[in-house]
Amino acid sequence: MRRENSGESVKAFDAGASVRNVRTERRGGSFFRCAAAAVLLAFAPACGAPFGSAPAGAPALSAEQKELNRASLEMVWSTVNERFWDPEFRGVEWAAVREKHMAWLDRASTMEEARGVMSAMIDLLGVSHMTIIPSAFLNGGLNDGAPGLVETAPPEGTNPAGEHGSAFVLGHLPPVAVTFESRGIDDDIGYIRFDCFMDPVFLMTRFNGAMESFLEREGVVIDLRGNMGGVGAMVMGMAGWFAVEKGASMGTIVTREARLDLILNPRPSAFGGRLAVLVDSLTVSSAEMMAAGLQETGRARIFGGRTMGMALQSEVILLPNGDGFQCVTGNYISPLGRSIEGRGVIPDVEIASADGAGAGSDEALEAAVAWIRDGDNDNR
Amino acid sequence: MRDGLKKLLSFAAVSAAVLSVLPGPVFPSGADAAGGELPSGESICDRFVEVSGGIEAFGLIRNRVTKMTIEMAAQGLKLEATVYAAAPGRFYSIVESPAIGRIERGVSGDVVWERSLMTGPSVKEGEERAMMLRETAFDRNIHWRKAFKSAECTGIEKIGGTDCYRVVMTPAEGEPHIHFYEKESGLLARVESIVHSSMGAIPQVSSLGDYRETDGVLVSWSVALEIMGQHRSIKTVSIEHNVEMPEGIFDLPEDIAAILSAKQGG
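First to last, the protein sequences are chains A and B.
Take the first sequence: its letter number 63 is residue 63 in our numbering, and every next letter is one higher.
Adding 1000 to a residue's 1-based position in the second sequence gives its number in our numbering.
Hints were generated in silico from the structure; no laboratory data involved.
Check before you lean on any hint, since a few could be wrong.
Claimed, not checked - With beta-carbon atoms standing in for the labels, derived distance ranges: (1) Asn-81/A with Gly-1174/B: 28 to 38 Å; (2) Glu-1080/B with Ser-78/A: 43 to 53 Å; (3) Gly-209/A with Glu-1184/B: 54 to 64 Å; (4) Glu-88/A with Val-1243/B: 48 to 58 Å; (5) Ser-213/A with Asp-1251/B: 37 to 47 Å; (6) Val-1243/B with Met-102/A: 51 to 61 Å; (7) Gly-184/A with Ile-1249/B: 52 to 62 Å; (8) Lys-100/A with Arg-1145/B: 23 to 33 Å; (9) Asp-188/A with Pro-1246/B: 24 to 34 Å; (10) Arg-1102/B with Leu-215/A: 33 to 43 Å; (11) Glu-366/A with Lys-1263/B: 49 to 59 Å; (12) Asp-188/A with Glu-1080/B: 21 to 31 Å; (13) Gly-1248/B with Leu-215/A: 45 to 55 Å.
Claimed, not checked - Straight-line C-alpha distance at most 35 Å; calculated DSBU-like pairs for lysine-lysine: (14) Lys-1183/B with Lys-1263/B; (15) Lys-246/A with Lys-1158/B; (16) Lys-1263/B with Lys-1235/B; (17) Lys-1235/B with Lys-1146/B; (18) Lys-1235/B with Lys-1078/B; (19) Lys-1263/B with Lys-1146/B; (20) Lys-100/A with Lys-66/A; (21) Lys-1078/B with Lys-1067/B; (22) Lys-66/A with Lys-1183/B; (23) Lys-66/A with Lys-1067/B; (24) Lys-1078/B with Lys-1158/B; (25) Lys-246/A with Lys-1183/B; (26) Lys-1067/B with Lys-1235/B; (27) Lys-1078/B with Lys-1183/B; (28) Lys-246/A with Lys-1078/B; (29) Lys-1263/B with Lys-1158/B; (30) Lys-100/A with Lys-1146/B; (31) Lys-1235/B with Lys-1183/B.
A quick note: this is a predicted structure, and the numbers were derived from the prediction, not measured.
Glycine residues also receive a C-beta, built at the ideal position from the N, C-alpha and C atoms.
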């Protein structure tokens, strides 16, 4: 089923959406098929009631571990206090939560419970990209040996073809292997798909090479379905291939200290043909920034399903107890001034089956190809 | 997400290159704050030049190659950088790591440019260009009169427990920098400045330490950088002076030349 969206429908959604509700609704089961996204977003469940969930036989905490957990909660609280982009903490009385959660932490008897307390504290803010990551999941963590490679599983029904990068490590995050695919659709359209914005040496080299080979084509399709996001700077580098004028911005990252414009650097030989971007409910974070930026600057037409709505800047720091803390430091605002967090990117052409095209059929891709070839109807 | 990273790392590289500083001898006149009067900003800056080795010693240095590491311990990241600089203002830096790919920045004549695997090639304009031209002037803090139109001492503050003169350094254009010079040693201890990039203006604090005599001048081998709530430690690994520079190291790369040519309608 296909539906064309107008600007009005976008505005109407803006006005009515509750950030928290949308996020909860959209973090349903299918999301966690994307294992790599789960690495970034869902290590520890956010617990309303932090106790009672420890597995039977979980080892009790030593006095030293309890002290390290106290220091960790202190670091989590103070990092949010100093660096969370919103000095109003989205209405949460942040100064008051520290003491309460520290008291809860003192009652924790296992690491599970301790993590639950910290998760409960940061979950009060009701945003994505805010997670306590158990040490066993971290690169170089306290577990025995390095963690295994995170496989980025493509959504069911999509083409799993592509070249796989080797294990890439970014800071404390576990290794990830990027999958990249580029091919021609007949002789007139180029198609590019990748599953995350990681491993810039592997990914940007291939993306740049593909774009150089597509410069004479009528159109290009960028397939961001199932893309878990990653290093946002690559959004600017990729979009530079489609920039028509210097100074165009893919949006703004708002932090406590500054507003950072995601300014494009037009490539010396940029691509001037039609650009279609495919998205779905598993399109996350930097992938959403790319889709929103290209859509709202009028450079691309977006096909598929509404995206996850988890578009924030974050970083992972190491806690004294060996766990990691993924902390939000910036809010992404689209070129038209919309926060994508909790809202997602609404495609220009919504296609209900975008999350999992049936075997042998890919309605979103077919619609994008048809739009590119029907060049007279719309200049975008 | 980590989109700020690339930008911040490149800032770090530039900062480290700019902050190679030097030492020397005594406090000039009876302008000590103990007497209730603050010394002039000019005398503080001149004293820094003296304690760093003196203007003549610096005059013997024509170029410098600095290798360094940039570590963001909390984030688990470590990068390697090399900075090539030559009088009066030629500059080329390269930061490289699997985490960010390669980022090159350069000043070739009056062209300021950047090539980043992640963000693509660009020619800098406006505030960012002006800032880079100012900041990459060779031994800028030694030849400070060329870089700043005024230096005004506004007080004494403790930096890391040490009394420092607070000196407002005002360039010909752009925001003032705040320099903190140790009252006793005369060495530059901290610089507070605004970094301009195509993404916007960002406040930055650089704390200098580990001064070492290097080819007759004192140079800081360690800079702790605070930027956007992140801490990064820049450690110099090696400094070479008056070396044979790699051929063409300060030349415009082809893709940068192509951008300039297109801009000029060539």
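Going down the list of hints, with the structure as the test:
1. For Asn-81/A and Gly-1174/B, the Cβ-Cβ distance of about 32 Å falls inside the hinted range of 28 to 38 Å, so the restraint holds.
2. Against the hinted window of 43 to 53 Å, the Cβ-Cβ separation of Glu-1080/B and Ser-78/A comes to about 31 Å, which falls outside the hint.
3. In this structure the supplied range 54 to 64 Å holds for Gly-209/A paired with Glu-1184/B, their Cβ-Cβ distance being about 58 Å.
4. Separation of Glu-88/A from Val-1243/B is about 54 Å and conforms to the stated range, judged on CB atoms against 48 to 58 Å.
5. Between Ser-213/A and Asp-1251/B the CB atoms are about 28 Å apart, so this pair departs from the stated range of 37 to 47 Å.
6. The hinted range of 51 to 61 Å is satisfied by Val-1243/B and Met-102/A, whose Cβ atoms lie roughly 56 Å apart.
7. Distance hint for Gly-184/A and Ile-1249/B: a CB-CB separation of about 40 Å, inconsistent with the stated range 52 to 62 Å.
8. Remark: the range hint 23 to 33 Å for Lys-100/A to Arg-1145/B is contradicted by a beta-carbon distance near 57 Å.
9. Between Asp-188/A and Pro-1246/B, the C-beta spacing of about 44 Å breaks the proposed range 24 to 34 Å.
10. At about 23 Å, the CB distance of Arg-1102/B to Leu-215/A disagrees with the hint of 33 to 43 Å.
11. In this structure, Glu-366/A and Lys-1263/B break the distance hint of 49 to 59 Å, their C-beta atoms being roughly 40 Å apart.
12. Distance hint check: the CB atoms of Asp-188/A and Glu-1080/B are about 44 Å apart, inconsistent with the given range 21 to 31 Å.
13. At about 28 Å, the beta-carbon gap between Gly-1248/B and Leu-215/A misses the expected band of 45 to 55 Å.
14. As the CA atoms of Lys-1183/B and Lys-1263/B are separated by approximately 50 Å, the hinted pair breaks the 35 Å bound.
15. Pair hint Lys-246/A plus Lys-1158/B does not hold up; C-alpha atoms about 45 Å apart against a cutoff of 35 Å.
16. At roughly 38 Å between alpha-carbon atoms, Lys-1263/B and Lys-1235/B are farther apart than 35 Å, so this suggested pair is violated.
17. For the given pair, Lys-1235/B sits about 27 Å from Lys-1146/B by alpha-carbon distance, which is consistent with the 35 Å threshold.
18. Distance check on the hinted pair: Lys-1235/B and Lys-1078/B sit about 11 Å apart at the alpha-carbon level, within 35 Å; holds.
19. Under the criterion of a C-alpha separation no larger than 35 Å, the hint pairing Lys-1263/B with Lys-1146/B is consistent with the structure, at around 31 Å.
20. Only pairs whose Cα atoms come within 35 Å are accepted, and Lys-100/A paired with Lys-66/A is accepted, the gap being roughly 16 Å.
21. Pair hint Lys-1078/B plus Lys-1067/B holds up; C-alpha atoms about 14 Å apart against a cutoff of 35 Å.
22. Between Lys-66/A and Lys-1183/B the alpha-carbon distance is near 44 Å, which puts this suggested pair outside the 35 Å criterion.
23. A threshold of 35 Å between alpha carbons decides the hint, and for Lys-66/A with Lys-1067/B the separation of about 42 Å lies outside it, so the pair is violated.
24. Only pairs whose Cα atoms come within 35 Å are accepted, and Lys-1078/B paired with Lys-1158/B is accepted, the gap being roughly 31 Å.
25. At roughly 47 Å between alpha-carbon atoms, Lys-246/A and Lys-1183/B are farther apart than 35 Å, so this suggested pair is violated.
26. With a CA separation close to 9 Å, the supplied pair Lys-1067/B and Lys-1235/B stays within the 35 Å bound.
27. The suggested pairing of Lys-1078/B with Lys-1183/B holds, with an alpha-carbon distance near 34 Å, which does not exceed 35 Å.
28. With a CA separation close to 32 Å, the supplied pair Lys-246/A and Lys-1078/B stays within the 35 Å bound.
29. Between Lys-1263/B and Lys-1158/B the alpha-carbon distance is near 49 Å, which puts this suggested pair outside the 35 Å criterion.
30. For the hint linking Lys-100/A to Lys-1146/B, the alpha-carbon distance of about 56 Å lies beyond 35 Å, and the restraint is violated.
31. Between Lys-1235/B and Lys-1183/B the CA atoms are separated by roughly 25 Å; this keeps the pair inside 35 Å, and the hint holds.
Violated hints, listed in ascending order, are 2, 5, 7, 8, 9, 10, 11, 12, 13, 14, 15, 16, 22, 23, 25, 29, 30; each of the other numbered hints is respected by the structure.
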